[in-house]
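A.B. asks: Fit chains B, C and D to the given chain A structure using the hints.
Protein chains: 4
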Amino acid sequence: MMLRRTVWLWALLACAWCQAAVAAEARYEIGWPDLPQHKTWVVDLHMHTVFSDGLVWPTVRVVEAWRTGLHAIAISDHIEYQPHKEDVPTKHNRPYEIAQGAARDRGLLLVRAAEITRDTPPGHFNAVFLDDIQPLDTPGFVDSLAEAKKQNAFVFWNHQGWKGEEKGRWMDVHTEIFDKKLFQGMEVCNGNTYFPTAHQWCLEKNLTMMGTSDIHDTETRLKNTAADHRTVTLVFIKEPTAQGLKEALLAGRTLVWFKEQVIGKPEWLEAMFAAGVRVLPPNSRGKAHIFVPIENALPCDLVLKQAGNIGPAEITLPAKATTLVRINVQDPNNPQELKYTVTNWLVAPGKGLGVTLNVAGK
Amino acid sequence: MMLRRTVWLWALLACAWCQAAVAAEARYEIGWPDLPQHKTWVVDLHMHTVFSDGLVWPTVRVVEAWRTGLHAIAISDHIEYQPHKEDVPTKHNRPYEIAQGAARDRGLLLVRAAEITRDTPPGHFNAVFLDDIQPLDTPGFVDSLAEAKKQNAFVFWNHQGWKGEEKGRWMDVHTEIFDKKLFQGMEVCNGNTYFPTAHQWCLEKNLTMMGTSDIHDTETRLKNTAADHRTVTLVFIKEPTAQGLKEALLAGRTLVWFKEQVIGKPEWLEAMFAAGVRVLPPNSRGKAHIFVPIENALPCDLVLKQAGNIGPAEITLPAKATTLVRINVQDPNNPQELKYTVTNWLVAPGKGLGVTLNVAGK
Amino acid sequence: MMLRRTVWLWALLACAWCQAAVAAEARYEIGWPDLPQHKTWVVDLHMHTVFSDGLVWPTVRVVEAWRTGLHAIAISDHIEYQPHKEDVPTKHNRPYEIAQGAARDRGLLLVRAAEITRDTPPGHFNAVFLDDIQPLDTPGFVDSLAEAKKQNAFVFWNHQGWKGEEKGRWMDVHTEIFDKKLFQGMEVCNGNTYFPTAHQWCLEKNLTMMGTSDIHDTETRLKNTAADHRTVTLVFIKEPTAQGLKEALLAGRTLVWFKEQVIGKPEWLEAMFAAGVRVLPPNSRGKAHIFVPIENALPCDLVLKQAGNIGPAEITLPAKATTLVRINVQDPNNPQELKYTVTNWLVAPGKGLGVTLNVAGK
Amino acid sequence: MMLRRTVWLWALLACAWCQAAVAAEARYEIGWPDLPQHKTWVVDLHMHTVFSDGLVWPTVRVVEAWRTGLHAIAISDHIEYQPHKEDVPTKHNRPYEIAQGAARDRGLLLVRAAEITRDTPPGHFNAVFLDDIQPLDTPGFVDSLAEAKKQNAFVFWNHQGWKGEEKGRWMDVHTEIFDKKLFQGMEVCNGNTYFPTAHQWCLEKNLTMMGTSDIHDTETRLKNTAADHRTVTLVFIKEPTAQGLKEALLAGRTLVWFKEQVIGKPEWLEAMFAAGVRVLPPNSRGKAHIFVPIENALPCDLVLKQAGNIGPAEITLPAKATTLVRINVQDPNNPQELKYTVTNWLVAPGKGLGVTLNVAGK
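Residue numbers (our numbering), protein chains in the order written: chain A, 548 to 909; chain B, 548 to 909; chain C, 548 to 909; chain D, 548 to 909.
This is chain A alone, in the form it adopts within the complex:
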C-alpha cells in the first residue's frame, strides 16, 4: 500500500469542513548521523513567504520543513522588498508570529529573522536570532547590520557575486563590516547555485559556511533524499535549543549539503565520514582477492577515486546501502589500507576529501 502522505495544517482547522477528514502529518528523518560529541541538525535559515516575495503562508514553511526532516528554520522575509504589499501590508514580525504555533506543535525550532535587502553592492544579508525586526528597517545599510549586532544576531552574507556585486570582489564596505564583526558567515550554496569565491573566503577569513534553500515557491518534495533534496546547512550542536544552534553557528561547526556534494571544513567532513562509513570484515578471500562490504549509512552517495595503489580505480558507495567491493591484493590475509579521495566532498573549491579505508586481516 502506497500511502499518499497528506500534509495538514492543524493550526488552520478553523475550516470545519476540513476537520471532518481524518488527517495526519508525517515526518521523514533524513538520516545524517550525530557525531560523537555533537548532535547533527539539518537547518535552513533563508526562506520567504507572502509577506515579502514568497508564495506561501508562513505556517507552510514550518510544515514543509518538519515533514522533510529539518530541525530548525528561519523565515527571512525581505525588509525592503515587498511586492505583495498592496494586498499584504508590511508587518516585519508577522511571519514569525503567525508560524510559531505550528512550529511549537511539531517541536521544530523557528527563529526570528529577516533579509536585509539593500542595493548591491554591498549585497543581501540574513540576520537570524532577532528579537524584533522593525528596528532593522533603517535608512543606512551599516546601521541595519549594527542593529542586528545589538540584538546579538548571527548574520551571513547571501549569494555573493550576484548582479551589481562582482563575483569574487571583496569591497571596502565588506572590509568595514567584517572588521566591525557585523557578519559571521556566508552562503557557500543558495538553492541551485554554488559560490566558489564564498567557499574560498570562508576558509581564508574563518567565516561560517552556510547552505540555504532561499525558497520562494512551494516545496514539492515529500522527503529529502540523496537523489533530491533541499540545500541546507548541517550544524553540529551541543544543545538542541536556539542558543545551542547560535553557539554552533558562531563557532563555525557546519557543513553544506548541496545537490550530490557536501562542502565544509576538513575536520567536519572527516568526522561525518567516520560517523557514517564502515568497512566490514571481508566476506571471503580468494587467492589474490577479497570481497569487502562497505557500509555507507549517510543520505549521500560517495564517489571515491583511488589515491593509492590498491583497490578499484573508482568506487561509488550509494547512500544508505552496503556495497560489495572486490579488491585484488597480493596477500588476501593481510590487512589492507586503501587510500581514496571522496570527489564529491569538498575541502576547498575543486578539492576532494582524502580518506583511508582500513580492511581487516585474517
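Keep in mind the hints are simulated off the structure, nothing from the lab.
Be aware that one or more of the hints could be misleading.
One copy or two, it doesn't matter: identical chains are merged, so the pair holds either way.
35 angstroms max Cα-Cα, derived DSBU-like pairs, lysine-lysine [as the list claims (entries may be wrong)]:
#1 898 - 785
#2 752 - 886
#3 770 - 697
#4 632 - 770
#5 752 - 697
#6 852 - 714
#7 834 - 793
#8 632 - 752
#9 785 - 806
#10 727 - 852
#11 785 - 638
#12 898 - 806
#13 632 - 697
#14 696 - 785
#15 714 - 834
#16 852 - 834
C.D. replies: Okay, now just chains B, C and D, sitting in the frame of chain A:
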C-alpha cells in the same frame, strides 16, 4: 538523468536574484483522450488561497494546475470566511485579478468564482463564471445565489452531508433553490471524500456531477497519474473557451475522476471507455486458447470482473499499458464476445459499468 | 544524482568483456529491528531455478536476495518436476553447489533444500537444511519425508488448499505425517496468496508460520519496502548461523510479512511492535488537546483503529516516519492510555493485534 | 492504487500451482514516434542466456523485452564460450527454439543470432538473421563470418577497443572482412559504454550504428524511460517484419539511444527531432518578451544551448512534457527564428545537433 522539475513563477520575477537562474516550467499532460465529438478538459473549480483559508498566493494555483496537466480552474475563496483577514484584508475579486496574468502566460483558463459559505444547512455552494464577486456578499443566502444567477454563473452544491447538513437529507431550502434553478450541479467527490447521496441525486434530478480538489494546502504532485492524482472533473467541451466550458457544464457532460474510480452518467463512461480501450487481434491461437493484447490508453487502471462465461474471472488493465490476456475458448478461430463489468467505473452508487470486449476471429 | 544500482555477478566474471566495467553491487537493508533477546533475520526458504521450473541461474537467487536485504535463503527446486530437463539434465544438488560461492562472497546464508512435489493430496512440502537431496527422490511420499527427517531437515507444508487438496481439509495422510513429526511448519502465505486455514492450523497445532516468495521468475525489485516487497518470514534467532536459524524455526519464532500485513503469534507481534513503535512526549498542550508525535521505525505501515475511547477513530502510521497526532483530551497535563487495534497485524484470521499507546503527562 | 506489475511466463504454466493465480503481463510503450515515411522500432540485438554466460532462461529475454516496449530482439549466445556447459550442454540453436513460442504469443519479433567470440583481435561479432547457428562453429574466424554471409546475416562488430584490441586500431583483418563485406555495422554503444572510435568509423565507412544492451543478468526495469533505459537501437523500417528490419539495418536507418544521449546520422536525428518537438504559438506577448510553450513528445530530455542570439542561453526540454520558455525579443509580434544546439544528440563524437525553433508571429 532525472531532472528535478523546477516550478517557477514568471510573474514574480521582480526578485532580481531569482532572474539570474535559468528557470523553466514544464507541463505534463495527463492523457485523458478526446471523444469523437468533444474535446476532453481536466477541470478543477474549487480551491482556496491566502485570501480566504488557503495557504498559497493566487498565482500558485495557476502554476500547480498548469504543470499537472489541467485545462481550466476556478479559485473559489470563501466570501464569508477569511481567517487571515487581519493580515490580508478582504478583497473578493483580488485572487482572480492577481492570478489572471499567470494563467494567460500559460494558456490555462481561469474563471472568476467564489464559495458561498453560509451556515449549514443549507451548506456551501460554488458560483463559477462570475463577473464580480462583491454583489454576492449579501445577508441572505438565497439572495446570494440569485445574484450568481443574475451573472449567469454555473452553481454547484459542495460536499453534501457535512456537519449540520445531514447526509442524504434534502431540505425545503434545497427544493426552493432547485425549483428556482439556482444551482445546476453537485460535488460527487471533494478531495478524498465520495458522497453517494450526491451521486444518487445527480442521477435522479439530472444535476451535473462534479469532482473537485478543494485544495487549501500546497500541491506536492508534479504530475497527475493513475497512482496519485487530484480529484477533478472531466468535461467534454465543444469549444476550448470559458463559454464552451460553461455550456458543457450546464449540459451535464462530465465525469468525475476520484482516486482509482471514474464516476458519471453511463453514456459518458461508455464513450470514454470506447475512446481509450482497444482489443487487438490475437497474437497466437492454441488448440483451446488465444493470447489477446488489450490496450488501455487511459490514465486509469481498469478492474474488470467477468459478467459472461468466457475469459478470466478478473482482468486488471493497468493504465497506459497493453495487457496480454490468455482466454480459454472452444474454437480459437471464432470471434469472441467477452462480457465484463468495470468495477471501478460507477454508473450509480455501488454499480459498475458493463462493457463488451470483442475479439476478432481468424 | 539517481544511480542505477547495477547488479553484478562476481562469480561469473569469466566474461572478460564484463570485467572491463567498474561494477559493484549494493545491498539495501529492510529495517526490521532486532528484538531485545533475538536478532531479526529476513528469510525466504522457497524459490526455484532453471534446474526445475524456475527461470534463472542459481547464483541469481543469491544476488537478488542479498541486494534486497535478506539474510538467508533456500533454493528449493522440485525433485519430481523438471520441465527443462531436456536442456538442463536433472542434478538435485547442483543449484546449491553452483550458488554457494556467490552466497559466501556476500555473507548470505544459503541452505540446501528441495521441494517434494507429489500429486496432491497430500500436497507439496519443502525440506530445508538437507545434506544431500538425492535420497529424497523416493517412490513413496512418506518415505521422502522420512529421509528428510533422517537428515534433520526442517519441513513445511506449502500452499495448503491448492488443486486436488481441498481448502481447509486435513486428511489422514496429514495426521500420519504430523504424528510422525515429519513436518513442523506451514506456509501461511506464498507469493500473493494468504491461506487462512493454514494460519488457523498453525495456531491450533503449534506449527511454525512461514511466508515465502516461491519465486520462479526474475526479481525486479531493487529493494524491499513497505510499498512493495517479497513475501518472507521474519525469524528471531539467537545465533546468526544455519544452526541458529534451524533452532528458531523449530521453536516457532517467526512472523510472516505479507503485502501490507504481518501475521504471527501474538507474543512476536507484540515484541516487534514494542521494538519499532515509540510514543514521544507531546510537543504542545492546548486547552483540550495535545499534539503527540508517534514514531514508527518499522518498514510497514500501521493501520490503527480505536479500541478505547480516547484518540482519533483511525490512525495510520506510515513506515519509517513520525506521525503527528492530535488527541482531544479532558486534561492535557495527564498521562493518557490509548487503546487501539492494529488492523493489519493478524493474531488470528480476521483478528488484529491489540496495543496500548502510553502518552506521558506533564 | 499502485499495481505491482507481475511478469508471468504463460509458456511455463505447466506449473499447476502457478496457474491458480490470476496472472497477466503488461507492456509499456516507450513512445519514440514513427517518422513520416517509416515506423520506428526499438530493437536490441545482443543478449545472453544460460546457454552461454547469461543468467536467465531464453523465454525471459522475450518477456523482459516485450514488457519494456521493445519490438524486436536477438538472443546472441556465444558460440565459443559456455561456462555453464557442464550443466547446460551446448546446443547453439536451442535459445531461439525455446524462446520463439513466447515471442509469437506476444507479437514480438525474435530473430536467430549468435555471437562469434574469437580471441581479440579481431574481436567479437554478432551475426543476426541466421537460419542455423551450427555451421558458424568453425575453426577459422573469417570462415565463420563467411558462413554468416552465406546465410544472408546482418553482422556487426561488438564493443570495439576492448581487451586485446586496441582502442581505435583498425587492423588488417578488419580491412579484409570489410572489403569482403562480411560485416555491415558496429556497436557505437554497448551497455554502459560509448565507443567514440566506432562512432567515427561508422560515419567514415558508412557502417550501421548499433546500440545494444549485451544483457547477461536479469532486467530489473519495468519500463524504459528517459531517466533509466536499456541501450538500444532505434530502427526506421518500411515493413514490420524480419525482412523489413534487415532491410533497414542494411540501409543504415538507425539511431542509438544511450543513457541521456541519442547518436546517429544527422538526417535521422533531424527527422526524429522534427517528429517529436513542436513549438506552439506564444501564449502571451509582453512589451519585450513572449511566452512560448515547446512540446517535447520524445522519451528523452533535450538539452539545448543557444547557437544564435535570441532566446535563453540554455533550455532543457524534459521528456514527454511541454516547457514554457520566456524569450526576450525586440518586437514581440514578429516571428522568431531561434538557433540552438541539442548538446545531448550527437552527429559526431563531441558534436551536437544544430536545430532551428520557429516561433510564429502575430
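A.B. asks: Look at each hint and say if it fits the structure.
C.D. replies: Hints versus structure:
Taking the shortest Cα distances, residue 898 and residue 785 sit within 35 angstroms of each other inside one copy (29 angstroms), while across copies they are farther apart (47 angstroms). Taking identical chains as interchangeable, the C-alpha atoms of residue 752 and residue 886 lie at most 35 angstroms apart only when both belong to the same chain, with a minimum of 30 angstroms there against 45 angstroms between chains. In this homomeric assembly, residue 770 and residue 697 never come within 35 angstroms of each other (Cα to Cα): the closest approach is 37 angstroms inside a single copy and 48 angstroms across copies. In this homomeric assembly, residue 632 and residue 770 come within 35 angstroms of each other (Cα to Cα) both inside a single copy, at 32 angstroms, and across copies, at 32 angstroms.
Taking CA atoms no more than 35 angstroms apart as the test, residue 752 paired with residue 697 passes inside one copy only; the shortest distance there is 22 angstroms, against 69 angstroms between copies. When the C-alpha separation of residue 852 and residue 714 is checked against a cutoff of 35 angstroms, the pair qualifies both within a copy, at 31 angstroms, and between copies, at 23 angstroms. With identical chains, the CA atoms of residue 834 and residue 793 are at most 35 angstroms apart between copies only, with a shortest distance of 32 angstroms across copies and 55 angstroms within one. In this homomeric assembly, residue 632 and residue 752 never come within 35 angstroms of each other (Cα to Cα): the closest approach is 38 angstroms inside a single copy and 47 angstroms across copies.
Within a single copy, residue 785 and residue 806 get their C-alpha atoms as close as 27 angstroms, which meets the 35 angstroms cut-off; across copies the closest is 42 angstroms, which misses it. Neither within a single protomer nor between protomers do residue 727 and residue 852 lie at most 35 angstroms apart by alpha-carbon distance, with minima of 43 angstroms and 45 angstroms respectively. For a Cα distance limit of 35 angstroms, the shortest separation of residue 785 from residue 638 inside one copy, 34 angstroms, qualifies, whereas the shortest one across copies, 48 angstroms, does not. With identical chains, the CA atoms of residue 898 and residue 806 are at most 35 angstroms apart both within one copy (17 angstroms) and between copies (28 angstroms).
In this assembly of identical chains, the alpha carbons of residue 632 and residue 697 lie at most 35 angstroms apart whether taken from the same copy (28 angstroms) or from different copies (34 angstroms). When the C-alpha separation of residue 696 and residue 785 is checked against a cutoff of 35 angstroms, the pair qualifies only within one copy, where the shortest distance is 23 angstroms, while the shortest distance between copies is 60 angstroms. Only between protomers do residue 714 and residue 834 lie at most 35 angstroms apart by alpha-carbon distance; the minimum there is 31 angstroms, versus 56 angstroms within a single protomer. Within a single copy, residue 852 and residue 834 get their C-alpha atoms as close as 25 angstroms, which meets the 35 angstroms cut-off; across copies the closest is 52 angstroms, which misses it.
Of the numbered hints listed earlier, those contradicted by the structure are 3, 8, 10.
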